[in-house]
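Peer 1: Chain by chain, the residues:
Number of protein chains: 4
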Amino acid sequence: MGMVGGGEGSFIGPVHRIAAELDGKIELVAGAFSSNPERSKQSGTNMYGLVLDRCYSSYGDMFEQELSLDSASRIDFVAIVTPNHLHFPIARAALESGFHVVCDKPATLTLQEAVDLKECIDQAGKLFALTHNYTGYPMIREAKHLVQTGALGRVRRVNAEYIQGWLADLEEKTQNKQAQWRTDPSRAGAAGCMGDIGTHAFQLTEFVTGLEIEEVSADLTTFAPGRKLDDDGNVLLKLSNNAKGVLCASQVAVGVENGLTLRIYGEEGGVEWSQMEPNSLIVRWKDRPYEVRRTGGAGVHQPSASVTRLPAGHPEGFLEAFALLYRNFAESVVQVQKGKKASKCDKDFPTIEDGVRGMRFIEAVVTSSENDSQWTPIVR
Amino acid sequence: MGMVGGGEGSFIGPVHRIAAELDGKIELVAGAFSSNPERSKQSGTNMYGLVLDRCYSSYGDMFEQELSLDSASRIDFVAIVTPNHLHFPIARAALESGFHVVCDKPATLTLQEAVDLKECIDQAGKLFALTHNYTGYPMIREAKHLVQTGALGRVRRVNAEYIQGWLADLEEKTQNKQAQWRTDPSRAGAAGCMGDIGTHAFQLTEFVTGLEIEEVSADLTTFAPGRKLDDDGNVLLKLSNNAKGVLCASQVAVGVENGLTLRIYGEEGGVEWSQMEPNSLIVRWKDRPYEVRRTGGAGVHQPSASVTRLPAGHPEGFLEAFALLYRNFAESVVQVQKGKKASKCDKDFPTIEDGVRGMRFIEAVVTSSENDSQWTPIVR
Amino acid sequence: MGMVGGGEGSFIGPVHRIAAELDGKIELVAGAFSSNPERSKQSGTNMYGLVLDRCYSSYGDMFEQELSLDSASRIDFVAIVTPNHLHFPIARAALESGFHVVCDKPATLTLQEAVDLKECIDQAGKLFALTHNYTGYPMIREAKHLVQTGALGRVRRVNAEYIQGWLADLEEKTQNKQAQWRTDPSRAGAAGCMGDIGTHAFQLTEFVTGLEIEEVSADLTTFAPGRKLDDDGNVLLKLSNNAKGVLCASQVAVGVENGLTLRIYGEEGGVEWSQMEPNSLIVRWKDRPYEVRRTGGAGVHQPSASVTRLPAGHPEGFLEAFALLYRNFAESVVQVQKGKKASKCDKDFPTIEDGVRGMRFIEAVVTSSENDSQWTPIVR
Amino acid sequence: MGMVGGGEGSFIGPVHRIAAELDGKIELVAGAFSSNPERSKQSGTNMYGLVLDRCYSSYGDMFEQELSLDSASRIDFVAIVTPNHLHFPIARAALESGFHVVCDKPATLTLQEAVDLKECIDQAGKLFALTHNYTGYPMIREAKHLVQTGALGRVRRVNAEYIQGWLADLEEKTQNKQAQWRTDPSRAGAAGCMGDIGTHAFQLTEFVTGLEIEEVSADLTTFAPGRKLDDDGNVLLKLSNNAKGVLCASQVAVGVENGLTLRIYGEEGGVEWSQMEPNSLIVRWKDRPYEVRRTGGAGVHQPSASVTRLPAGHPEGFLEAFALLYRNFAESVVQVQKGKKASKCDKDFPTIEDGVRGMRFIEAVVTSSENDSQWTPIVR
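Protein chains in written order, with the working numbering: chain A, 4 to 383; chain B, 4 to 383; chain C, 4 to 383; chain D, 4 to 383.
These are computed hints drawn from the structure, not numbers from a lab.
Hints should not be assumed to be uniformly reliable.
The list treats identical chains as one, so a pair stands whether inside a single copy or across any two.
[Said to hold, decoys possible] Distance condition first, Cα-Cα at most 16 Å in a straight line; then the derived EDC-like pairs of lysine to aspartate or glutamate:
| id | residue 1 | residue 2 |
| --- | --- | --- |
| 1 | Lys231 | Glu175 |
| 2 | Lys289 | Asp172 |
| 3 | Lys121 | Asp375 |
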């Protein structure tokens with residue numbers, strides 16, 4: 004694989020490298036790690052141990068040069084880990100060059116770009132994965148299974164929450180590059196906190212419940228003085244099949260590290276999951292004690308057991324969950340290399356469909372918030 | 004003290020008895036425990052060990068008979084633990100008979116009644132306590148102190164939640180009296196779940212933050228088919244001083260027992276509390292590890308330390324918190340008996356002010372929900 | 004009831020008062036609260052609200068005076084809450100005066116006294132309860148039930164632990180009376196930490212497992228320089244039916260409040276309980292997820308359900324558990340008053356049998372520790 | 004690197020592969036994965052994606068063939084992941100062939116072999132790492148730092164525990180190879196549970212406290228009928244500097260997954276850590292609330308911060324901790340390749356010293372247990 008972005012100062016670049024390689028199916032062999040050619044080379048050799056001549060000056064360069072290699076050495080796909088505004092042009096270029104694409108979320112800067120990107124993908128006949136990595140946790144798979152099989156009964160109520168505290172102050176005024184681009188509309192998009200982490204909560208909710216969030220009533224707030232995008236928000240949800248819910252996102256919840264939690268209550272039972280202790284899933288029932296299912300533990304079902312790497316009690320974490328998306332993506336890549344159409348692959352990873360949904364969610368919450376929290380539909 | 008309501012099948016009657024007597028300052032000596040005279044006597048003697056001649060046939064009877072006793076033997080105040088629709092007439096009668104009143108929440112059936120009751124109280128010059136008992140937990144006092152002293156900085160974000168699962172099915176179709184009246188508009192009032200437990204979350208939020216919830220955007224739902232009142236709801240909050248928040252209440256969150264939680268994030272720190280493990284308060288800070296303050300434990304402040312009965316690690320629970328309200332009420336009663344004006348007492352318990360606020364909250368959420376979740380003010 | 008001890012500065016006196024009165028069956032009406040007559044009167048009136056003429060100068064005085072009252076007004080039993088060395092003489096005098104006795108643990112200063120006390124009790128034909136209060140927690144009852152019914156299979160392994168940190172320093176050099184007598188061999192007995200809290204862990208283990216601890220290999224330590232009794236200790240256990248275990252006790256585990264925990268593993272399942280969060284019982288199974296049973300919650304059995312006062316999720320604590328012993332004791336007192344022989348009563352509270360066992364445990368661990376941790380039997 | 008052992012059915016082989024490669028410094032390129040040549044080839048190609056001609060029939064073969072390759076392609080070190088009885092002959096052969104060695108724990112089958120192995124290592128001048136992987140957790144590093152800097156004061160008390168439930172039944176009678184060799188004295192050594200997991204608890208205790216466990220009083224038990232080695236055991240500890248402690252290990256604690264916990268109490272503070280939620284470290288203090296330090300979180304110190312890969316709240320797990328040992332080992336290998344003497348390297352990973360200590364521990368606990376739990380020294 005070849006990476007675009009992820010140079011020095013990047014948090015997510017190394018994450019993608021480790022996640023991609025964890026299961027031994029993928030190797031990072033090339034990259035355009037920075038728009039600054041010198042820094043790209045330095046990052047490639049120092050951070051990723053690449054040979055110098057595959058550390059490219061630009062992504063265009065990488066695509067061109069790699070295509071000139073024989074197909075055995077050439078990268079099979081591109082991982083895009085840049086700020087949001089670059090996702091679309093890079094993804095389009097990669098697809099047009101014939102590469103499959105893994106792209107960080109949210110899919111694009113604008114909804115229109117996401118729709119256009121979907122078009123590009125369809126035309127290219129290539130695979131596209133969006134790294135909504137939290138879907139890779141075994142206990143999320145277990146929760147989804149419990150909903151899907153009807154064990155919980157019809158879903159009534161959802162509490163989805165993703166709160167952090169790292170942007171409580173104007174971190175973007177420091178040297179923190181992460182803070183800089185994530186709070187800048189021209190690089191992050193129409194929403195700040197809601198785009199950066201609210202979309203994860205949105206996507207995870209739909210992933211686990213199998214329902215669609217149909218309407219939102221949102222109240223976005225900017226607490227840090229002078230910041231241009233929301234850093235906090237609360238959203239009432241109407242879901243398909245008459246379910247209701249709330250989605251909260253914040254980056255000013257001081258002292259909270261990475262508080263993604265999901266709780267779902269159906270007619271017969273409920274599930275509660277918290278990303279910071281991801282190997283436990285609380286399952287509540289009507290007439291018996293609640294139980295705690297554990298990654299790889301007794302009584303878990305095949306959909307979670309099959310994506311667990313270690314015996315129960317040997318905690319798996321963020322990287323392992325992330326790696327599942329890459330593993331599943333790699334399997335699809337192999338299928339396509341063996342002749343299967345990309346459109347026919349059984350894709351067990353988030354795709355551009357999730358990407359478009361996420362951009363529609365951002366658009367709807369921003370619109371609702373600008374209109375006194377008016378209920379606003381999320382178009383299918 | 005004399006009790007009205009609380010006869011056989013009552014959950015809250017015995018709670019009030021234990022809470023009132025726990026600190027050794029109050030004794031239950033009389034009661035009109037049921038509108039059925041026979042049942043009142045049975046309840047009084049069997050459940051509460053009273054002598055037969057102080058188990059009255061009706062509250063009117065009790066007020067009259069007790070007034071005929073000498074003031075040393077006579078009850079000093081009345082505790083009202085009936086369904087909501089009876090709070091107002093009984094409280095008014097008690098006040099007019101010259102008794103102080105402790106009343107279960109919500110204050111009354113309608114907002115108008117609450118306003119009228121306030122008028123009655125003022126005119127009677129008596130004390131009135133509303134048992135928003137969760138304010139009696141030491142760690143709630145600690146949280147309030149941390150906000151009040153500015154340790155957390157200006158409050159930005161609140162998550163208040165009170166969810167239960169016991170009404171997931173049509174429990175009111177069984178013999179469960181609790182379920183029957185709590186889901187009946189003529190006895191419970193305009194809101195079901197929001198009135199029964201949402202008001203606790205509302206009151207606790209205002210109590211701890213010292214802020215007012217100024218506007219709500221609410222979405223109430225009735226999930227159990229045929230039920231007349233809401234059994235679930237989510238409310239966006241705008242608080243004074245530009246804080247924001249969410250309040251969730253549900254009685255269909257299957258398997259959840261009594262999930263009252265409060266989380267408050269300020270500019271400098273945050274607090275997180277959960278009623279089911281009430282002796283711990285998580286305190287989060289910007290630049291250091293989070294800490295867990297414990298009832299009676301090292302480092303807690305006077306407002307919580309002074310309301311703790313046991314050494315740290317000896318868990319206090321629901322009854323002890325409830326008892327604090329009675330203890331504080333009893334102190335005020337003594338002050339009044341010594342000649343202080345009721346209006347001049349330093350009342351460390353919820354009063355009719357909280358009661359009126361609670362009724363305004365109910366009115367506002369019901370109105371908002373009926374108007375497509377339109378932002379609706381809660382009048383001061 | 005009449006109390007001996009429990010005057011100003013006492014932690015456990017008020018606990019006994021609240022616990023005794025909580026269920027409305029018992030009233031504290033008399034006491035000899037201090038060996039100093041003046042302080043006894045002050046404590047009685049200020050702390051307990053008693054009338055002056057039932058605040059006695061000495062326990063002898065109380066027994067004599069109370070006997071001169073008519074049987075309806077007279078105390079029915081005596082609660083002894085003094086330092087350990089006074090338990091025996093007071094209990095004997097009370098029994099000989101014809102009163103039933105509730106006594107704090109450990110039963111006596113020495114094993115011989117405990118044996119003698121048992122003799123006194125048998126001869127007096129009176130009831131005697133030892134307040135190993137932790138047996139009163141509903142989830143302890145649930146655990147015992149799971150063992151008793153064989154749900155966990157034959158018990159193999161026990162971890163009993165009671166650790167605190169409050170004696171990490173030489174607290175006895177301050178004004179802390181609790182620390183003073185508990186570290187003084189002439190008042191506390193042969194063991195310090197092991198006698199004070201180790202006996203609770205010992206008794207709870209036998210209570211829940213239904214097994215006898217037959218042999219101990221103990222290593223007691225005194226960490227605080229100059230202290231005369233152990234403040235820390237670890238004990239290997241051999242139990243009946245070939246079970247094994249460890250019992251740890253410490254009062255120098257800095258920062259730990261009141262860490263009594265019990266874990267029991269059988270051939271088919273296990274239970275884990277922690278006193279500081281007493282309303283949860285973890286139950287582990289061989290082939291399914293672990294479950295968390297909750298006080299009053301779904302699926303709990305009659306032995307715990309019947310001793311629960313509140314709906315699930317309304318936390319009960321230390322006082323409520325303590326109160327159960329008094330409630331059960333009161334029921335036995337009533338039975339005896341109705342003519343039943345004390346020896347024939349179904350006593351659902353710890354008795355002098357537990358007291359003698361506890362003293363044998365103390366003797367055995369002290370002996371073992373003095374003999375290089377040699378395995379030492381606990382005689383039946 | 005080349006692996007010996009780790010073929011089909013192995014749990015730990017894939018763990019070593021992922022751990023070794025996680026930081027991008029090491030690649031598995033060769034292996035002798037089974038004593039059965041056919042299975043070795045299958046495992047190498049299927050499980051590890053190796054080219055066929057570097058899947059060797061035996062470790063002797065691997066060492067010989069690899070030496071014939073040029074030094075750039077040749078493996079730099081050997082990872083031994085076989086049952087215990089093969090550690091010594093393979094490690095010796097590897098060292099004599101000039102390879103550095105990473106070896107799973109315990110070091111060898113017998114103490115004598117461990118002593119001999121140390122001799123081999125010294126003579127060969129090569130690096131040797133023993134994968135006591137739990138030392139790689141950031142919060143273990145934080146705990147060690149708090150002890151080392153004196154923040155906790157002089158250590159007084161240690162509770163080390165490693166309990167599991169997977170051998171509650173005679174799992175070795177099924178097809179479970181893990182259970183078969185781990186319960187077989189000829190392949191596992193003198194101790195079962197104590198050797199397999201007790202040694203981890205032992206090593207971790209010494210690692211974090213910086214103290215030596217000097218004497219043990221042990222009681223080992225075999226609960227599963229017919230099993231030849233201990234499956235449960237409790238050990239009293241005397242540590243250097245007059246500290247005391249208990250070490251518990253069990254593989255029959257039904258339902259417990261992988262319960263490694265460590266608690267250390269000093270004169271000023273204490274730490275509590277649990278492997279199953281490894282990203283939290285409870286730190287207790289004398290006079291202030293306890294705090295929870297988190298992997299990568301606010302206020303943690305350099306020794307833990309520097310070994311954290313992700314921002315706080317992105318959980319790291321077992322594999323990441325394991326990988327740290329490989330990363331540190333790789334750094335030492337590079338140093339040696341640059342000319343540094345192995346004996347002069349700053350080795351931040353467990354070495355043969357830990358291995359010899361571990362074997363002495365096994366010997367001491369077995370001896371003590373056979374002698375009525377007599378205190379038995381662990382020779383330096």
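Peer 1: For each hint, tell me whether it holds in the structure or not.
Peer 2: Each hint, compared with the structure:
Taking the closest pair of Cα atoms, Lys231 and Glu175 come within 16 Å of each other only inside a single copy of the chain (11 Å); across copies the shortest separation is 51 Å, beyond that limit. Only between protomers do Lys289 and Asp172 lie at most 16 Å apart by alpha-carbon distance; the minimum there is 10 Å, versus 43 Å within a single protomer. For the homomeric pair Lys121 and Asp375, neither the shortest alpha-carbon distance inside one copy (32 Å) nor that between copies (34 Å) is at most 16 Å.
The structure fails to meet hint 3 from the earlier list, while all remaining hints are met.
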